[in-house]
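*Asks:* Listed below are the residues making up each chain.
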Amino acid sequence: MSEPLTPPGGEEQDTVAPDPEARATGLLGRLDAAHRVNGMLAPVLTAVLAFFIGGLVVLVTTGKNPITTYRAIFDGSGLNWLFPWVGGDDRVLAAVNLQQTLLLTTSLILVGLAVAFAFRCGLFNIGGQGQYLVGSIFSVWIGSSFASMNGPLHIALAIAVATLAGAAWAGIAGLLKALVGVNEVISTIMLNWVAVWTGVFLFGQGGPLQNDTQVSVPVSNDIVETAKLKVFWGDPLLQGLHIGFFIALAALVVYFVVLNRTTLGYGVRAVGFNPEAARYGGISVARNYFLAMAISGAFAGLAGAMDILGWQFRLATGDVLTSTIGFTGIAVALLGRNSAVGVGLGALLFGALLNGTSTRNLDPEVFKPELASNLTQIIVGLIVLFVGADLIVLWVLGRIRRGRRTVGAPA
Amino acid sequence: SSAKSEATIKVALITDIGGLNDKGFNALANVGLQTAKKKLKVQGRVFISKSAADYVPNLSAAARGNYDLVIAVGFLMSDSLSAVAKKFPKTKFAIVDVSAPFMKGKPKNVRGIVFAEQEAGYLAGVAAATVSKTGTVSTIGGIKIPPVDAFIAGFQAGAKATKPGITLLNDYSQDFVDQAKCKELALNQIAQGSDVVFQVAGGCGLGALSAAQEKGVWGIGVDNDQSFLGKHVLTSAQKKVDQGVFQTIQLVTTGKFKGGVDGLFSVKNDGVGFGKVSPAAPPTLAAKLASVSAAIKAGKISKIPRLVK
Amino acid sequence: MSERPVVLEMSHIRKEFPGVLANDDVSLDLLEGEVHALLGENGAGKSTLMNILYGLYHPDEGEIRINGKQVRLGSPRAAIDAGVGMVHQHFMLIPVMTVTENIVLASEPVRDGVFLDYATAEEQVREISERFGLAVDPRAKIANITVGQQQRVEILKALYRNADILVLDEPTAVLTPQEARELFDIVRSLTAQGKSIIFISHKLNEVLEIAERISVLRRGRLVQTLPAAGATESSLARLMVGRDVLLRVEKGHSTPAAPLLEVNGLTVIDDRGIDKVRDVSFQVRAGEIVGIAGVDGNGQTELIDALTGLRKAAAGSVTVAGTDVSGASPRAVLDTGLGHVPEDRQRRGLVLEFSIAENIALHDYRRPPASKHGWLFPARLVERAQRLIDAFDVRGGGPRTRAGALSGGNQQKVILAREIERNPKALVAAQPTRGLDVGAIEFVHRRLVEERDEGRAILLVSLELEEVLSLSDRILVMYEGRIVGEFPPTAGEEELGIAMTGGRREAAA
Amino acid sequence: MRRLPTGARALGWGAVAFSALAAWIALPPVAVRSFAVPLALGVVAAALGIVAVRGGEKRLGFGAVAAAVLGAGLGILATRSGAANLEQAVVWSALLASMLRYATPLTFAAIGGLFSERSGVVNIGLEGMMLTGAFFGIWGADRTSSWVLGLLIALAAGALMALVHAFFAIHLRADQIIGGTAINFLALGVTGYLFIDIYGQEGTPTDIPAIPEVSIPLLRDVPFVGDVVGQMNLMIWLALLTVLLAWVVIFKTPVGLRIRAVGEQPRAADTVGISVFKVRYAAVIVSGMLAALGGAYLSIGFVNSFGENMTAGRGFIALAALIFGNWRPFPTLAACLLFGFSSALAQRLPVYSDSAAVLFQALPYVLTLIAVAGLIGRSIPPAAVGRPYKKQ
Ligand SMILES: Nc1ncnc2c1ncn2[C@@H]1O[C@H](COP(=O)(O)OP(=O)(O)OP(=O)(O)O)[C@@H](O)[C@H]1O
Ligand SMILES: Nc1ncnc2c1ncn2[C@@H]1O[C@H](COP(=O)(O)OP(=O)(O)OP(=O)(O)O)[C@@H](O)[C@H]1O
Ligand SMILES: [Mg+2]
Ligand SMILES: [Mg+2]
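Protein chains in written order, with the working numbering: chain A, 1 to 411; chain D, 412 to 720; chain R, 721 to 1229; chain Y, 1230 to 1621.
Keep in mind the hints are simulated off the structure, nothing from the lab.
One or more hints might be untrue.
When the alpha-carbon atoms are kept at most 30 Å apart in a straight line, the in silico DSBU-like pairs for lysine-lysine are as follows [what the hints assert, rightly or not]:
#1 Lys421(D) / Lys64(A)
#2 Lys228(A) / Lys517(D)
#3 Lys571(D) / Lys450(D)
#4 Lys714(D) / Lys699(D)
#5 Lys544(D) / Lys711(D)
#6 Lys368(A) / Lys452(D)
#7 Lys501(D) / Lys517(D)
#8 Lys497(D) / Lys230(A)
#9 Lys449(D) / Lys574(D)
#10 Lys228(A) / Lys515(D)
#11 Lys1287(Y) / Lys1032(R)
#12 Lys699(D) / Lys368(A)
#13 Lys1287(Y) / Lys1145(R)
#14 Lys368(A) / Lys421(D)
#15 Lys230(A) / Lys519(D)
#16 Lys64(A) / Lys449(D)
#17 Lys228(A) / Lys571(D)
#18 Lys861(R) / Lys1620(Y)
#19 Lys368(A) / Lys64(A)
#20 Lys1619(Y) / Lys1481(Y)
#21 Lys449(D) / Lys368(A)
#22 Lys861(R) / Lys1481(Y)
#23 Lys230(A) / Lys517(D)
#24 Lys448(D) / Lys571(D)
#25 Lys544(D) / Lys714(D)
#26 Lys448(D) / Lys64(A)
#27 Lys1092(R) / Lys1507(Y)
#28 Lys1620(Y) / Lys789(R)
#29 Lys64(A) / Lys452(D)
#30 Lys544(D) / Lys699(D)
#31 Lys501(D) / Lys230(A)
#32 Lys368(A) / Lys571(D)
#33 Lys501(D) / Lys368(A)
#34 Lys501(D) / Lys228(A)
#35 Lys498(D) / Lys228(A)
#36 Lys544(D) / Lys571(D)
#37 Lys1287(Y) / Lys861(R)
#38 Lys544(D) / Lys452(D)
#39 Lys230(A) / Lys515(D)
In isolation and in its complexed conformation, chain A is listed as follows (with noise of 0.2 Å):
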């Protein structure tokens, strides 16, 4: 997770100007732990712990073997696609799965990216929701009009339209920030709102956006054929995978390019560090917080445009009002500690738990269909919860460390 300049993630966190005796100690103790377990070791074994408690639960509530459901909820996602040995019937399903897994993926990635870029200018962006929406609203707006495009520069165009939308709309709590130093808790909050509420007007009955097709149901139309990305796994008729996929996997490459190989990235981090030590070092603090904010922004409204353009093809007044894939971004981000590795794991993770615990894939007489959503809403909770404090095993593993040291102590 870690890259040559800068400490692996975790303390990258603070949405606070940095005091350095706290920040010094507190991540100190963090950062050196987490040399001691090399790498990857920590997150693993915490996600193990993580699923051992949620194990428990299902046992606890439904007294069926938590094992079980742990499979059913990895076939479920389709990983086990991965595996060689699985074949026939099975595969295809597995295919399938996986094609929805590494849909949902794909938007995670991008919200995600827009909460960790934020978060390291110290920034705490919670409105990815209300920027994802805005990058929805645009790109199926340009979608559906502009029929007579080619397709390429049709996609190409709702594409940016959609990303610069999301940025603009980033951009005013980034100014909002820079001008007159508004929290950005708040006004991104706000802005989530009002982003809800005008997406409600435009596609509602009688809004500018409604589809004319079906007077009273409150929809937009379809964006048209040729605006649609490219299927590459599975039934373009079924929600296969789109090219977008590798549009968020390059977005992961740009992210951490951006951030630890661009002058741009070395001010947002330094401003994240020590806004003080940017500002005597030349680094306009206001300009970083509004590209900071402007940036995440455009990878929320991309998050829109994928799926958009990939899987969703239109926007209903409900979607709008129930999506809330933007905060999970949050999590996303922060499980990921802000690298762009862990980005892209957390993203996959919670793309396999939300796919892997839908009913379709869980036994309905374990999983009573109308507790189930709760019940994985619990696991994926608990997995949040326990994931985020890679503490636990750190703190074991420094025992150990430690014992061993003061037993054989070299001079």
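Dock chains D, R and Y with the ligands against the given chain A, drawing on the hints supplied.
*Replies:* Chains D, R and Y with the ligands alone, transformed into the frame defined by chain A:
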């Protein structure tokens, strides 16, 4: 032999994002499925959609699972269904609140389950106008969608027909879940003189009924019979989605299922109607409503609007 | 000099931090009413030892006895109860709270069983501050008082909890000569009242003046404990560093050329709307060091901020190498060739979470070779950092080490390396040696003189009168935001001291 | 360290006042019918605002201009609308009563958050803790058929949720925002699960004892005031009381001093022997209990039933209100009231335009944005908030 074939019938129910606990049509559809399991000895399974991303996977998973009938609940799934239906031409599909002939590509294996909500609304309107003392009655819609507006339009027509001079208030909570929103709206309407509040907002609407109870005015339930909430529930404008689902399943078990067309559920076939009338209501009310629905059955009352102007 | 009871015994203390053996078999004892000085380079382990005494760190080995009884100091609470008080190197004060709130925190007087009795609290604070002669305004917010006053608050905190053993970790590092002298009086009155004091400092003359015995730490080990009587600055310095160090800066004659830093009628208003700098004008010419002496809080900070573009001036102009940079952005000022060694190295000078390499690129990361067209080249940053680490003898880490993991002195070296390597025309150095050990100070001073001889214009702002005197070619004294006088380096401390405390006000006005 | 109003500042606030007047004058009881009046007032306000900007009061000035536009806009809208609509939309007493109902759950949660964050622990789990309180409040009231016990059980449940958050944030030094997010997920799942498992389709019974309204005889008869607060739910009074108490505790007692110290400079607190952990645990648990009260008000105070996710984001609004109120009790209350008022107003505005009805739903959020950006601006959090504390 028919008994044997029935036993093997498999039915899947796909909820929309409202989920099974929406106190609205998803829940009722499930009731219909459960009754079918008991009465028609069919196998049934429910697929819950947690987000729009679940529609296609759920529908196609059901189709792949060799279910004989796959029932989608709610117009939100209309487009997803037309795509899936095309892929699985041998599977029978049905969808609540959507008219099959109007679906994209007019799939031949999809049957619409549609309701004449306006008729139920009309009955509610009659009831409201009859008991109203203030001459003001009101409606609270969830989100402005076809079924909701049909209820409201019918209600307003019924009330006007009963008391031409009556004042009608109407608000939308923009929400089907948050009871507080509907309660606030209801309190506001009551403050403006409304003494009968008709809720057309699913779970949110329960807040409206609680406001009616608190302020000692009448409330009217929606979808299922909500008289169990208390004496303050004058009656309920029933939309018997359970009936619709049950009867559609029955069509399959009896081999009479036909796609590409709608099953219209109205007062005529007892698909919509009015629920238990509150014991506290004027004794004549029940009879009055019965006669009005008879008139609707007989076609004496027709052309009830579905759209709120 | 009769037999005095031993109040504190620390024996065979060992403390290891990941990668660092901070204390290794250190033993120390303290007599009643004694001032025992603790000397050592940056990173020698002084603070660590004291933090152990105060229950903040737990020793890996060793034991502590207070008044003969072995004690386990598991927490500051335990240490406080055992009669230990500590004034930390980095103050433990809450800026947004008042002096009183800070002092009574956790031992508050209570009214009606629940309410915090502010009246009584202030009364008690007044009372002890008079008893020990530590004047402070109980109602002032910490953020609004000078560092010197903050330190008194720290001492009062300890006394308020009736500490008998008082640890002062580099107390004079932040004080003016006057304040330092006052502190010594306080220390003496404290010992007179039976308190025992451990006094950490890098300033050998002070140590010799105030201490009875001196213990010297080097690289975590106790080198020697010796009586102050008979010790000399150079002997102590040798013990600390392990080699001879020259304590006086030797610098040739300065040959001032064209003015590179010009300030005219500069007036600066601070955040609270107070004019901290009033109509200040001066020049610094190539090849000279101009020192600004003054008591802390007389506008030095604001002056520097205005020079470096960190704060907009209300009036007046600043010119660097002929270009007017009044009201320009910090970056623009830097680009015109002004270097700046900031007053507060941890808050401002460094991004503690950044590696040394990244910190060294702080100003010019947007320019080749560090970057091109917005592309950063980490490898080059590392390579350059390695060069500077060697050149400036930065100890305790390589290019990829977090700056926060370095000790004070080495952090300062990193900053100095960065500022000098940019080859600025004019260099503003604020408190360049605050908290540094003799070795480091020697290094910094030598560099500054070298840079002068390179033909840079250097503005030295320091609270260390001795430093100003030994480095500067001209000395300006700042008082209440004004330059109240210019002196040659031959001027006496007293003379300057008087000016610094406003004695020359009428003469200047 | 608030500065005294300078000339420009006074002008700015004057402009804000004029903007308010522009809207108010067009509403009942005054209800001038000529759109020229609010327009004129709006122009004056805007002008003053611009002068303020010139005078250096940039933020306040621009805020005033925005307010002017909004005020004049509303005013003109009002003059152009039918008098009937107007009477219908603006029944001041009803409006204010509604405002208080909206603000109450927010206030509980926000004050809860205040304790947690003042002690240095970010609490975005407020939403979940509210929801927990909402469910266990009604469940308790149902089981014990006593709303008092219901409240107590809600408190306990909220405390438990908070304890989880506290343990992970404080002992395990897990990221506090992940922790909070997890709490929200958990609460949603747990309450939903139990709700369905216990109450099934029909939902909570209707005969559950509800928290009573208190009607205050004398107050009830005061003309206008009586209509607003004459008869209010007990919890609304309790919420107001909570704000007062919070202020006393935080700023007038040793406990408060220690909480603030721990939130500002934990190490400093530690060095004088305050147990940072203990203080933080206590504060977080209190925050959970208060949030739970907010939830309980919704379930057994207001709608007298439970619904899945019935808090519907109120916890986040409370969080915003807390920041808006700069982590101080009374400003936080003010923020909640502003939000409550605009929500109440938004519900009544659709009478003017059906097509744009939904847009009015955005009013509270837009207003809050303008208020924060224009008038409040920078809010300074406790210095150590969000940062885990590590003992050596
Ligand atoms: N982060 C910043 N803080 C303050 N000033 C900046 C910042 N970035 C750029 N500037 C100034 O703004 C001007 C234009 O910005 P620009 O990004 O073009 O700088 P640049 O270094 O030329 O760009 P790049 O280095 O990315 O090629 C530059 O002259 C630079 O001095
Ligand atoms: N909390 C800590 N974690 C890791 N290393 C530490 C910690 N505290 C101190 N060290 C290291 O222990 C060594 C001794 O530090 P200490 O602060 O005691 O030195 P010092 O003598 O006080 O130096 P200075 O004169 O600069 O204050 C240094 O190398 C320092 O980097
Ligand atoms: Mg030290
Ligand atoms: Mg200063």
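*Asks:* Tell me the hint numbers this structure goes against, listed in increasing order.
*Replies:* The structure breaks hints 3, 9, 12, 13, 17, 24, 27, 32, 38; every other hint is satisfied.
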